[in-house]
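Starting from the given sequences, assemble the full structure and let the hints guide the process.
As you go down the protein sequences, you meet chains A and B in turn.
All residue numbers for the first sequence refer to my numbering, where the first residue is 102 and numbers rise by one.
All residue numbers for the second sequence refer to my numbering, where the first residue is 102 and numbers rise by one.
Calculated from the structure, these hints are not laboratory results.
The hints are all genuine.
Which stretches of chain A does chain B cover? Using the computed rule of at least three CB atoms under 8 Å from a CB of chain B, they are: (1) 329-335; (2) 518-526; (3) 561-574.
No more than 27 Å apart at the CA atoms, straight line, and that leaves these computed lysine-lysine pairs for DSSO-like: (4) B:K366 - B:K445; (5) A:K129 - A:K116; (6) A:K533 - A:K129; (7) A:K533 - A:K116; (8) B:K116 - B:K533; (9) A:K445 - B:K438; (10) B:K533 - B:K129; (11) B:K438 - B:K366; (12) A:K366 - A:K445; (13) B:K438 - A:K438; (14) A:K438 - A:K366; (15) A:K438 - B:K445; (16) B:K129 - B:K116; (17) A:K438 - B:K366; (18) A:K366 - B:K438.
This one's a predicted model, so the numbers in the text were calculated from it and none came from an experiment.
Ideal Cβ positions, reconstructed from N, Cα and C, are used throughout, including at glycine.
There are 2 protein chains.
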Amino acid sequence: MTMVHAGWGDPSRRKGLPEPVVGWLAHKVGRGAAGEPAPVASVPPSRLTDAQLAALRGTGAEVDLSDEARVARAAGRSYLDLLALRSGTFDVPDAVVRPTADQVGAVLRTGVTVVPFGGGTSVVGGVAPLGETVVALDLSRLDRLVSLSEEDRTAVLEPGLTGPAAEALLNARGWTLGHFPQSFEHATIGGFAATRSAGQASTGYGRFDALVVAMTVETPVGRIDVGGSPTAAGPSLLQLFLGSEGALGVITSVTVRIKPLPEVKRYDAWLVSSWEEGIRQLRELEQSGVVPEVARLSDEDETATSLRLSAPRAVRALARGRCLLILGWEGSAASVKRRRTRMKGIPLPGAGDRWEHGRYDGPYLRDDLMDAGFLVETLETSASWSRLLDVHSAVRAALAAALGDCIVMCHVSHLYPHAASLYFTVLASGNKPWQPAKDAACQALLATGATITHHHAVGTDHRPWMRAEVGDLGVEVLRAVKQVVDPSGVLNPGKLIP
Amino acid sequence: MTMVHAGWGDPSRRKGLPEPVVGWLAHKVGRGAAGEPAPVASVPPSRLTDAQLAALRGTGAEVDLSDEARVARAAGRSYLDLLALRSGTFDVPDAVVRPTADQVGAVLRTGVTVVPFGGGTSVVGGVAPLGETVVALDLSRLDRLVSLSEEDRTAVLEPGLTGPAAEALLNARGWTLGHFPQSFEHATIGGFAATRSAGQASTGYGRFDALVVAMTVETPVGRIDVGGSPTAAGPSLLQLFLGSEGALGVITSVTVRIKPLPEVKRYDAWLVSSWEEGIRQLRELEQSGVVPEVARLSDEDETATSLRLSAPRAVRALARGRCLLILGWEGSAASVKRRRTRMKGIPLPGAGDRWEHGRYDGPYLRDDLMDAGFLVETLETSASWSRLLDVHSAVRAALAAALGDCIVMCHVSHLYPHAASLYFTVLASGNKPWQPAKDAACQALLATGATITHHHAVGTDHRPWMRAEVGDLGVEVLRAVKQVVDPSGVLNPGKLIP
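Dropping the structure here:
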């Protein structure tokens with residue numbers, strides 16, 4: 102699947118924003134100049150030396166110096182990425198290198214700096230081409246289902262498989278991975294593992310870092326196999342390379358847990374009386390051990406705004422001050438029947454299915470909003486249940502203080518016995534700068550004991566906050582590991598490790 | 102709870118071996134000289150210099166130079182440990198240092214080599230006092246339940262709490278940790294975390310490394326807090342310090358998941374038609390998502406031997422060629438009712454409860470067997486379901502080849518969606534050397550793709566196998582991390598990292 106320049110996916114899937122919605126939003130938060138992305142201007146020539154080019158070609162990997170290939174791997178898809186792409190003020194990698202699985206190690210041993218590149222969907226600067234000379238290491242040729250064990254319920258996947266490609270291969274044999282982040286249609290297996298992705302159904306199927314059983318990782322100094330069956334043989338090296346964001350190696354194989362394709366999918370929705378009440382219900386459900394695949398609770402502002410865009414007036418009136426709660430149940434008919442739970446609230450027939458139908462549409466809506474002159478960005482975190490309300494209030498206050506007029510929406514989207522995630526979406530005028538608001542939100546997260554990122558990873562954007570997140574000694578440990586596996590610093594420089 | 106010298110726990114709880122059983126075993130495997138442990142002879146004087154002693158005392162920690170204290174912390178409780186303790190040929194630490202939580206960091210900064218010591222129940226040499234001068238860092242004063250959050254279902258425990266002490270503190274407030282390894286009565290919270298312990302109910306409650314949410318670790322270069330709510334902020338440092346066996350720091354606080362005290366406990370037993378059939382049933386149960394707290398399946402030889410020791414003749418006849426399967430269900434009445442599953446086999450009423458009643462008696466039986474002149478040792482592993490039968494066969498063959506006449510018993514004791522554990526118990530004549538048999542078993546494990554240890558950890562005994570387990574690069578990574586947190590090498594030398 103191709104990704105349009107300076108936007109998301111296939112533009113023909115954009116629905117456009119009705120004028121009344123634009124007017125309503127502009128009235129609420131103001132807006133900047135409307136307009137579409139600028140066409141790509143001239144691309145600087147590759148800085149690769151002849152010797153570097155020869156070394157890369159000598160590995161047998163495809164080396165693509167075309168402007169088109171380089172521009173397509175210039176950036177991820179955060180709001181700031183899109184602003185840069187739209188305005189034409191972005192750096193490009195010096196080449197795109199496409200190895201086979203067998204060639205990855207040789208490419209790393211050329212000494213050329215690489216940015217491992219899967220779907221290019223990072224929203225934290227994870228694929229920014231930093232460094233003097235740097236190539237995008239495109240993993241799209243590593244696209245096989247290597248093996249599948251029905252007995253072990255595991256599959257060995259190559260990292261370049263996109264979400265839909267991996268699911269298609271598994272589905273054809275009756276299995277599913279169950280990993281459906283909003284970026285699903287473009288993001289890749291390697292990216293999921295490198296960033297500790299969480300999907301919309303991760304409450305039930307598990308975060309991606311819980312789905313991975315083993316990995317093979319290529320580094321400039323050699324290959325390492327991590328994980329396997331459960332072990333007490335020391336620290337978990339699997340958990341050291343999960344979330345390593347290309348800075349500690351290139352993931353070339355991922356063994357994942359799989360589940361039978363669900364016989365049944367049920368998405369139920371309710372309006373619950375308040376945010377606090379909804380959180381309490383979700384906590385009790387999760388802690389009872391009866392866990393749905395999907396659990397989402399929108400706060401009052403997200404409920405009102407999302408219904409403003411889609412629901413009839415009568416529903417909007419009913420929803421006033423209430424919160425939309427969606428539970429999704431997937432599995433065998435018996436399993437869904439056994440677990441499916443009625444929550445306390447006003448049932449909203451059809452709303453669960455409507456959410457499921459539009460679950461990958463958010464990034465398209467963002468393109469429409471940006472064209473219309475709005476700032477739109479998301480941030481996410483997790484915190485223990487007992488801190489969740491405080492984190493929610495603190496982030497909202499920080500964003501409002503930084504941005505002035507804005508709409509801050511939030512939903513709970515991943516449940517754990519001791520914690521839950523919060524996912525914020527911010528709408529403001531496109532004239533407002535995002536960075537000060539992001540900084541204020543990050544400070545609020547740290548001050549309230551929440552993590553800097555629940556599933557978007559670190560990249561460049563959260564790197565300044567890593568020291569606060571893991572401590573001085575944690576940073577030293579990560580640096581020492583990097584020094585072992587990447588002594589020359591050729592792996593995704595400027596990301597993850599401060 | 103005190104631990105007798107050269108044996109286990111409180112000797113008054115030993116039941117003794119009936120003569121017919123001794124005769125039967127001797128007939129099967131032969132036996133060595135019967136006899137009890139030798140009394141402790143003279144203990145060498147402490148090698149601590151005056152300066153070291155002053156430095157240790159300067160931290161405010163208790164420093165105990167008594168023979169009794171030093172001998173009590175000289176060794177763990179493996180068969181080889183017990184042989185050494187019985188014969189009087191063992192090293193002792195040069196002192197026992199008992200800090201408060203606040204004093205641990207200062208002790209580490211004295212530069213004196215330490216062996217962190219909890220319950221002293223290691224069966225892999227984890228507490229052996231290696232090094233020129235070395236003190237046992239006894240954590241028994243770190244024995245508080247620091248806090249408990251009902252909302253988050255977490256508790257902060259100090260590492261020196263034994264299993265029963267931690268459970269008593271939690272139970273008094275209506276909660277349980279649910280971690281019940283065979284060493285439960287003596288082992289400690291810190292030890293569970295440092296060794297990635299698994300308990301008899303870990304199939305349901307989770308391995309200890311899955312129960313830990315966060316830890317505080319003191320190192321010679323400072324304190325590090327790891328873990329928290331679920332995060333995508335890079336590699337998991339929590340999973341790096343879990344299983345670090347005192348070689349990367351001293352765990353001073355462990356935040357664990359807790360569950361409500363079960364209303365109901367049900368232990369069911371069956372005789373199933375074969376080992377293969379029992380494994381198939383357990384795999385299907387686990388993969389269906391209906392997971393019991395306890396799941397144990399004994400192979401034919403373990404079934405026959407354990408029934409030989411306890412069951413009436415009619416039951417033994419019934420069991421011939423069959424396998425004993427026990428499932429334990431704990432939780433709310435509703436949860437147990439919902440999950441409790443009938444397996445295919447001959448129900449054996451009362452056998453589940455009898456297992457539960459004697460669940461901590463194994464080490465006492467071992468003392469009886471050793472007094473009677475038998476070799477008795479255990480080893481354990483895990484492997485993917487598809488490899489389980491091969492691993493079982495290979496380890497049995499390796500042990501039989503090394504030991505000649507012997508009884509090798511095995512049970513499956515921990516289930517995972519993709520894998521299960523195997524726990525072997527070996528009986529032979531006390532005249533036979535154990536080390537060649539252990540080496541042969543380890544080679545068989547590695548050759549069949551099983552892990553070198555599922556829950557006993559590495560210590561000294563598995564250290565020679567770590568390179569095969571984690572690879573050259575894995576060893577380099579662990580060394581680099583150790584160099585950061587323990588540049589002078591004062592933390593539990595000679596353990597874990599080759």
